[in-house]
Amino acid sequence: MNYSLKSIPEREAKPRERGFTMAMDKGLSVREVEDFLEVAGDYVDIVKLGWGTSYVSPNLQKKLDVYKAAGIPTYFGGTLFEAFIIRDQFDDYRRILDKYNMTFAEVSDGSIELPHEVKCDYISKLSEQVTVLSEVGSKDAEKIIPPYMWIKLMRAELEAGAWKVIGEAREGGNVGLFRSTGEVRSGLVEEILTEIPFEKILWEAPQKAQQVWFIKLLGANVNLGNIAPNEVIPLETIRLGLRGDTFMHFLDVEKPC
Amino acid sequence: MNYSLKSIPEREAKPRERGFTMAMDKGLSVREVEDFLEVAGDYVDIVKLGWGTSYVSPNLQKKLDVYKAAGIPTYFGGTLFEAFIIRDQFDDYRRILDKYNMTFAEVSDGSIELPHEVKCDYISKLSEQVTVLSEVGSKDAEKIIPPYMWIKLMRAELEAGAWKVIGEAREGGNVGLFRSTGEVRSGLVEEILTEIPFEKILWEAPQKAQQVWFIKLLGANVNLGNIAPNEVIPLETIRLGLRGDTFMHFLDVEKPC
Amino acid sequence: MNYSLKSIPEREAKPRERGFTMAMDKGLSVREVEDFLEVAGDYVDIVKLGWGTSYVSPNLQKKLDVYKAAGIPTYFGGTLFEAFIIRDQFDDYRRILDKYNMTFAEVSDGSIELPHEVKCDYISKLSEQVTVLSEVGSKDAEKIIPPYMWIKLMRAELEAGAWKVIGEAREGGNVGLFRSTGEVRSGLVEEILTEIPFEKILWEAPQKAQQVWFIKLLGANVNLGNIAPNEVIPLETIRLGLRGDTFMHFLDVEKPC
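Chains as they are written, first to last, in my numbering: chain A, 358 to 614; chain B, 358 to 614; chain C, 358 to 614.
Treat the hints loosely; a few may be bogus.
Unchecked claim - Calculated lysine-lysine pairs in the PhoX-like style (CA-CA distance at most 20 Å, straight line):
#1 C:K482 with C:K456
#2 A:K363 with C:K456
#3 B:K456 with C:K363
What the hints assert, rightly or not - Restraint ranges, calculated between C-beta atoms of paired labels, are given here:
#4 C:D399 with A:V387: 28 to 38 Å
#5 B:E556 with A:M605: 53 to 63 Å
#6 A:T538 with C:K500: 16 to 26 Å
#7 A:D497 with B:R452: 53 to 63 Å
#8 A:P554 with C:G576: 50 to 60 Å
To be verified - A few chain A residues that don't get close to chain B, going by computed Cβ distances all over 12 Å:
#9 N359
#10 G398
#11 D402
#12 P415
#13 I502
#14 A513
#15 V546
#16 L550
#17 F555
#18 Q564
#19 H606
Calculated directly from the structure, the hints in this document are not laboratory data.
Remember, predicted model here, so these are calculated numbers, not experimental data.
Each residue gets a CB set at the ideal place from its N, CA and C atoms; glycine is no exception.
Between the sequences and the hints, there should be enough to build the whole structure, so can you do that?
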């Protein structure tokens, strides 16, 4: 930190299980990745190449090299996994993970319908090859999953080998954990947390109001994802109580007047 | 493409009449243009320097050189044409197109009132000098043009020499083709398409929901414009069915389960 | 300017008391600062490092050097001042201003409660060290300050030594001067202007509709702040009547048809 302030919440050090930040790269240039890492390299823990953007990105290998050199792991968005599955190309997907030396992968069913045992089977198989993040929640705003089912699905996916489970929100933050207005389904989150340890969950929270909500409920070291690259520094200040939104939340000092 | 996926919609090759993407530069630096072209150079067909931004951009000539070297044509936004017309400086405008070696220009009447024969006359004159895109639709949310009139205007402007006609939406996507909420005026678009060939129309669709709507209706190779530079890669994935929004739309394979 | 247009509003020259633009840097890289200044260096007058972002920005000193070399003064957001005050670290804050050779500082009470004479006392003390901008208005959407009180507060802060007073809007433009919808509290602004000279006020107006509103009411040379770096060029075109929103506003020429 550049100067000293009292009563700042303590952050976990890297590599961390709690308090990590997943950012989404939806088509950065090599230089933009370098710029992003210059400012946020200490604060971002993992980067998702959003949905199928890796298919069309001409600079893919170079970008992966830059992230790797900086010690930031990357993975392809779950929609890409689904694009291979729906085409019956799972073996091709495994080969692509190898080709690009990926050490993480996401298993999701946001756009396709998979019997849950089949999904868990994919998690198991991929876990032998890479570290798996699995995602719960539909991209379809009309598919409402009740809380007990979120818990059941998350537990089964962790048992199948997922390192962490992701609560779905999309880039826009308007499905899954969130109502179409972007408002958090708070009862849902609270019920999930009675059963699943919070360090095992990565909450997608692309909008500032959502980040604030999770940080106020779960503290500075909640795992948050789908953060835009230029919002990682702002998010870090929200975690530390240095933006208006959480300014008073972490303070235990007496006011001077 | 970086790897092989079955059942991906075929895209027209450049230079193309269908499926092209117009992006809007509203003040990029030279390096930002280079970054943009590194990732999206294969997907963007033409770049508009939005409204009067070229007047105040200190790096104008350098940027035009970078676009030119990459083979991406550029043009000044229609509002600039109107700024010259309302000041009775049409000849100055023609000299500026020459000075900057522009090969495209836009003729519009979004902010001024022009009798339609006068507008068509400008299209004819400029067509002798450059390739003309003409724009139909007002920037004024209260000026509702009925469908038969859109068709009549578009047809006359194509006959006057316009290469393509643009359906107005502004940067925000809330006028012309769209209701103030950003919702597409779908009956209007469908009626227009009964009379005007779709490759002659460039639809302004700055918002993701609008892009999805046009791609679902008109396919991967619809012409779309007013795309933000960092949204060209995301748009390409929507065209290809590799983002949740159009994921199932282009698939003819059987689901594996 | 790159070419000549008649009837363009005259802009004050730098350094200026009127018509200046304050931009907000919320975590730019060094290269992004260079890019920003390449395109907007002539149009931006001062840059705020938003709230506590300077605490976590690893490139802080390098960025300050780049801004300084370009002749653009910078200051730390008012929330950082408040973070030091609430921790009873005012002397530390003064040392940090010295350490980074800051020549401007902001005094605000958007997130803390300060008796107004205490706030004015901070303005007086800091005025001996740097040029002070003071901010009126709460970040709390529920704290409505009546117009006569805005005037009383602004006047007292100017008398205490503030160079200019800032009308609070936050990054999102939804508090203080604005309703939660982003709509301008127009009666408030008009009443303030009956008592406080407009060159002494810097209006925070991050949203385009707000910028347009102020420019239509107060002209091309109103002081506006909290502008995103990539919106400084668009804002300059709005000031000059070269974007649709203010296109007709500054024109005194006759229409050609």
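Cross-check of the supplied hints:
no. : hint                           : in the structure
1   : C:K482 with C:K456             : holds, 17 Å
2   : A:K363 with C:K456             : holds, 18 Å
3   : B:K456 with C:K363             : holds, 18 Å
4   : C:D399 with A:V387: 28 to 38 Å : holds, 29 Å
5   : B:E556 with A:M605: 53 to 63 Å : holds, 58 Å
6   : A:T538 with C:K500: 16 to 26 Å : holds, 24 Å
7   : A:D497 with B:R452: 53 to 63 Å : holds, 55 Å
8   : A:P554 with C:G576: 50 to 60 Å : holds, 59 Å
9   : N359                           : holds, 26 Å
10  : G398                           : holds, 18 Å
11  : D402                           : holds, 23 Å
12  : P415                           : violated, 6 Å
13  : I502                           : holds, 16 Å
14  : A513                           : holds, 17 Å
15  : V546                           : holds, 22 Å
16  : L550                           : holds, 26 Å
17  : F555                           : holds, 26 Å
18  : Q564                           : holds, 15 Å
19  : H606                           : holds, 32 Å
Violation of the numbered hints given earlier is confined to hint 12; every other hint is satisfied by the structure.
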